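Trainee: Sequence:
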Amino acid sequence: MAAGSGGRKPGAPRDAESEVWSRRVRDLVGSGPGNRLCFECGQRGVTYVDITLGSFVCTGCSGALRGLNPPHRVKSISMTTFTEPEVLFLQARGNEQVERGVAKPRGVAARATPTSIPDRWPVKELLRRRDGG
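All residue numbers for the sequence shown refer to our numbering, where the first residue is 2 and numbers rise by one.
A few of these clues could be false.
[Claimed, not checked] In silico lysine to aspartate or glutamate, EDC-like type, Cα no more than 20 Å apart, as pairs:
no., residue 1, residue 2
1, 76, 28
2, 76, 16
3, 76, 87
4, 76, 20
5, 76, 97
Hints listed in this document are in silico derivations from the structure and should not be mistaken for laboratory results. If you're wondering where the values come from, they're calculated on a predicted model, not measured in any experiment.
My request is simple: use the sequences and hints to build the entire structure.
Mentor: Quick look at the structure:
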């Protein structure tokens, strides 16, 4: 490690900086009614963010999203640090924006349960839409 780096790896965020970004993510949960409920099942009390889509989800749905192929990148709101690009992505998205940009398959209920997520979302289609393709 470089001298004067305080023992952190090159490119690793500083503790104070990463705390600022983590606080912003926590603030996003309360910034609008849409982010307080799980994007997938509607349960109150979100504890994770789906970095793949930019949505806020509950514990049960976070596990189901990780089980998709390809898996979604899911991070705990309180137990991990966030980078500036991740926070900016979440600020631009959020549950309401993701809801507007994601077409649900016909005949599918408005909200899923953690076990129905793999059947509900055509992952390749979601990623294509997310990436503007």
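Trainee: Each hint should be assessed against the structure and marked as holding or not.
Mentor: Outcome of the hint check:
Taking the CA atoms of residue 76 and residue 28, the gap is about 15 Å. The hint holds against a cut of 20 Å. Restraint check for residue 76 and residue 16: satisfied, since their Cα atoms lie roughly 18 Å apart, inside the 20 Å limit. For the hint pairing residue 76 with residue 87, the CA-to-CA distance comes to about 10 Å; that is within 20 Å, so the pair holds. Only pairs whose Cα atoms come within 20 Å are accepted, and residue 76 paired with residue 20 is accepted, the gap being roughly 15 Å.
Using a Cα cut-off of 20 Å, the hinted pair residue 76 and residue 97 holds, with the two alpha carbons roughly 19 Å apart.
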